[in-house]
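Residue numbers (the numbering used here), protein chains in the order written: chain W, 90 to 197; chain U, 27 to 510.
Treat the hints with care, as some may be off.
The calculated SDA-like cross-link candidates involving lysine to any residue, where the alpha carbons are at most 20 Å apart (straight line), are [to be verified]: (1) 122(U) with 119(W); (2) 181(W) with 461(U); (3) 389(U) with 115(W); (4) 181(W) with 389(U); (5) 181(W) with 364(U); (6) 466(U) with 343(U); (7) 181(W) with 122(U); (8) 340(U) with 463(U); (9) 307(U) with 115(U); (10) 63(U) with 115(W); (11) 352(U) with 493(U); (12) 181(W) with 63(U); (13) 181(W) with 127(U); (14) 121(U) with 188(W); (15) 352(U) with 383(U); (16) 340(U) with 483(U); (17) 181(W) with 115(U); (18) 202(U) with 307(U); (19) 181(W) with 54(U); (20) 181(W) with 483(U); (21) 181(W) with 124(U); (22) 466(U) with 350(U).
Derived DEER-like restraints, expressed as beta-carbon distance ranges [as the list claims (entries may be wrong)]: (23) 496(U) with 157(W): 55 to 61 Å; (24) 108(W) with 43(U): 53 to 59 Å; (25) 235(U) with 94(W): 38 to 44 Å; (26) 74(U) with 188(W): 17 to 23 Å; (27) 101(W) with 209(U): 39 to 45 Å; (28) 115(W) with 213(U): 32 to 38 Å; (29) 43(U) with 98(W): 18 to 24 Å; (30) 188(W) with 235(U): 51 to 57 Å.
Just a few of them, taken from the derived set where beta-carbon distance is under 10 Å, the chain U residues facing chain W [said to hold, decoys possible]: (31) 79; (32) 114; (33) 131; (34) 222; (35) 275; (36) 295; (37) 297; (38) 417.
Source of the hints: derived by calculation from the structure; they are not laboratory data. Fair warning: this is a prediction, and the values are worked out from it, not measured in the lab. Note that the Cβ used here is the ideal one computed from N, Cα and C, for glycine as well.
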Amino acid sequence: MMDFGTGAMIATIFTLSCFTGYCVVLRVTPALHAPLMSVTNAISSVIIIAALQVTVYSAHGEFGEVTTARWLCLVAVFLTIINIVGGFMLTKRMLSMFETKKKKPGND
Amino acid sequence: MISFLVHAACFCGQVTTQLPVALSLFILTLRGLSSAKTANRGNLLGMAGMLLVIAAPILMASRNLLFTKPSQMYFFYLTMCTLVCGGFIGYRVAKKVSMTALPQLLATFHSLVGLAAIFIAWAVQTSPYTFGLIGSPEEYFLSEINALELAIGTVVGAITFAGSLIAAGKLHGIIKGTLSYKGRKGVTLTLALILVLLIAFYTICPCTHVFCPILAISLMLGYLLIMPVGGADMPVIVSMLNSYSGWAAAGIGFTLNNILLIVVGALVGMSGAILSSIMCKGMNRSIRSVIFGGAGATTAPTCSGTTQPKGNVKLCSGEDAAIILKNASTVIVVPGYGMAVSQAQHALRELAEALQNDDVTVKYAIHPVAGRMPGHMNVLLAEANIPYEDVFEGGEINREFSTTDVVLVVGANDITNPAAKTDPTSPIYGMPVLDVGNAKTVLFIKRSLAAGYAGIDNDLFYKENTMMLLGDAKKVLETVLRSF
């Protein structure tokens, strides 16, 4: 590897991700801004990974040990899974509304 | 067989394989939203990415089920129960919620991201060793850079949580009114300064006695930032909090050196930022004035200079409106929040169908800030099965108003106000508005003649070619429909 510190690498990744996000989101049609918000809400709950790694098994192999940190992470898992399932389901529901065309008038 | 599954699980669980795949899937999710045709596929890819992310640690841990005593794994089972319960709650909420209540639901979801970030940061604070941030349990203190990242993650998370909760309360109508007192800017700045000093202190001494005040002040700051914001600014606030929830995730990612969190956080943060900037343009407000506490919004309406003599308002009955609409050949509908409140979108679609049967062309014009969040109106119209192709963005359709026979404004006000173009003293001066007044006839459906959210009078009500239908949007539309 080049001599390239971890900090510099993380900063680079962060900057490039910002640009990627900018380019991708700029192309989203205004009509789909509501599904965009709900799906970004779901994927930002990816922080569940940080909590899950602690609740299901500790990185250092202490399986039986129950610490405050594990309980706190369990709460975080609970909060984020609501968000993940809710966010994706809501997006799906909204998008299915955009799909239904003139075919079925009158009933929803 | 089991051994094969375990090996497959280990392979999937490895960061090297999982990370690029999950990230690509998330980027494709956002990319899919560029058109309604690919959006659903994008959403499925996002679900797949999330499943991959969640499944990896669970599969890795379940490998240990084979050679660990069940009694030692009870936290694993507890986690599974939590996932199922939480997932069920999320599923129910997403299925049940009405599309009118969408903005407050999303604000609540954002607050959950913020709260989860707080809890994770707190967990890191209590035991950095569990997260692998320090070499051994005995070595208590975090390194300076880790402490700084943790503090920033906490601050963003707490501001997101408190702010989103307030925003959700306001959107739901639980929290009424705005907070305004003298020296608001001073108080906010002082708190921010104290916060910066505390964070600086925390990097030297990362202990709970410093962490708790940081958390408390951030929560207070979140409250003070969002509480003074008025109803009209809500689209900006909701998208801004969307952005904050992304930055909160990125903040936690920085703390834990987790690339997945950093990238996803940046994507979401940017998405929210773009939406906020679109909303700001739609209201002609600078993004700075909104981020720093929406200072302009609360002061502007009080100094509104529109005290011109009020002309006569022409009221019109449902029957008259039906005749006017039937005799038109082109109709543009301008929906606003009033339509959402009275759930009038279904009645509107029935009316539009009746008109289309009479060979009247019906189009819909949507202003960027027409609802309470970006894209709110589009979802409501889509919910009522109004075809996607008939719905146009404000900029696309604005020239067509002059060649239109009838414009039907359903529960909108400020977004049609000509004062934004003609009156430099008006608080909304410079805001892009729909040139509804250029049409031959304007039909306004409104609950009352009261001013809109920006607190200003609309000259359009007193114009020659404007007719007012006062009442609840749904009831009025049904009356019009009955006279067909």
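Going down the list of hints, with the structure as the test:
Distance check on the hinted pair: residue 122(U) and residue 119(W) sit about 25 Å apart at the alpha-carbon level, beyond 20 Å; violated. Distance check on the hinted pair: residue 181(W) and residue 461(U) sit about 35 Å apart at the alpha-carbon level, beyond 20 Å; violated. A C-alpha spacing of about 25 Å is found between residue 389(U) and residue 115(W), which places the hinted pair above 20 Å, so the restraint is violated. Our distance criterion of 20 Å between C-alpha atoms is broken by residue 181(W) and residue 389(U), whose separation comes to about 26 Å.
Between residue 181(W) and residue 364(U), the direct Cα distance comes to roughly 26 Å. Violation of the 20 Å bound is thereby established for this hinted pair. This hinted pair checks out: residue 466(U) and residue 343(U) have alpha carbons roughly 18 Å apart, not beyond 20 Å. Distance restraint check for residue 181(W) and residue 122(U): the Cα-Cα separation of roughly 13 Å lies within the 20 Å cut-off, and the hinted pair is therefore satisfied. Annotation: proposed proximity of residue 340(U) to residue 463(U) holds, straight-line Cα distance about 15 Å (limit 20 Å).
Taking the CA atoms of residue 307(U) and residue 115(U), the gap is about 36 Å. The hint is violated against a cut of 20 Å. Simply put, residue 63(U) and residue 115(W) have alpha-carbon atoms about 17 Å apart, close enough for the 20 Å limit, and the pair holds. The suggested pairing of residue 352(U) with residue 493(U) holds, with an alpha-carbon distance near 15 Å, which does not exceed 20 Å. The hinted pair formed by residue 181(W) and residue 63(U) meets the criterion: a straight-line CA distance of about 13 Å does not exceed 20 Å.
At roughly 17 Å between alpha-carbon atoms, residue 181(W) and residue 127(U) fall within 20 Å of each other, so this suggested pair holds. Among the hinted pairs, residue 121(U) with residue 188(W) is consistent with the structure: their alpha-carbon atoms are about 17 Å apart, no more than 20 Å. As the CA atoms of residue 352(U) and residue 383(U) are separated by approximately 10 Å, the hinted pair is consistent with the 20 Å bound. With a C-alpha separation of about 16 Å, the suggested pairing of residue 340(U) with residue 483(U) holds against the 20 Å cut-off.
Under the criterion of a C-alpha separation no larger than 20 Å, the hint pairing residue 181(W) with residue 115(U) is consistent with the structure, at around 16 Å. Taking the CA atoms of residue 202(U) and residue 307(U), the gap is near 26 Å; set against the 20 Å cutoff, the hint is violated. At roughly 16 Å between alpha-carbon atoms, residue 181(W) and residue 54(U) fall within 20 Å of each other, so this suggested pair holds. For the given pair, residue 181(W) sits about 40 Å from residue 483(U) by alpha-carbon distance, which is inconsistent with the 20 Å threshold.
Between the alpha carbons of residue 181(W) and residue 124(U) the distance comes to roughly 14 Å, so the proposed pair stays at or under 20 Å and holds. For the hint pairing residue 466(U) with residue 350(U), the CA-to-CA distance comes to about 11 Å; that is within 20 Å, so the pair holds. Range check, residue 496(U) to residue 157(W): about 59 Å between beta-carbon atoms, so the 55 to 61 Å window is met. The beta-carbon spacing between residue 108(W) and residue 43(U), approximately 25 Å, falls outside the hinted interval of 53 to 59 Å.
A beta carbon spacing of about 32 Å between residue 235(U) and residue 94(W) contradicts the range 38 to 44 Å that was offered as a hint. At about 20 Å, the beta-carbon gap between residue 74(U) and residue 188(W) stays in the expected band of 17 to 23 Å. In this structure the supplied range 39 to 45 Å holds for residue 101(W) paired with residue 209(U), their Cβ-Cβ distance being about 42 Å. Look at residue 115(W) against residue 213(U): about 37 Å separates their beta carbons, and that is inside 32 to 38 Å.
For residue 43(U) paired with residue 98(W), a C-beta distance near 19 Å keeps the hint of 18 to 24 Å intact. Separated by about 55 Å at the C-beta atoms, residue 188(W) and residue 235(U) satisfy the suggested range of 51 to 57 Å. Restraint check, residue 79(U) versus chain W: the minimum CB separation of about 5 Å is within 10 Å; hint holds. Using the Cβ-Cβ criterion of 10 Å, the hint placing residue 114(U) at the interface with chain W is satisfied: the shortest such distance is roughly 8 Å.
Hint status for residue 131(U) relative to chain W: holds, with the closest Cβ pair at about 7 Å, below 10 Å. Taken as an interface hint, residue 222(U) does not check out: its beta carbon lies about 21 Å from the nearest beta carbon of chain W, beyond 10 Å. Given the 10 Å rule on beta carbons, the hint for residue 275(U) holds: about 5 Å separates it from the nearest Cβ of chain W. At its closest, the beta carbon of residue 295(U) sits 7 Å from a beta carbon of chain W; the interface hint therefore holds under the 10 Å criterion.
Restraint check, residue 297(U) versus chain W: the minimum CB separation of about 4 Å is within 10 Å; hint holds. At about 7 Å, the closest approach between the beta carbon of residue 417(U) and any beta carbon in chain W falls short of 10 Å, and the interface hint on this residue holds.
Of the hints listed earlier, those the structure fails to meet are numbers 1, 2, 3, 4, 5, 9, 18, 20, 24, 25 and 34, in rising order.
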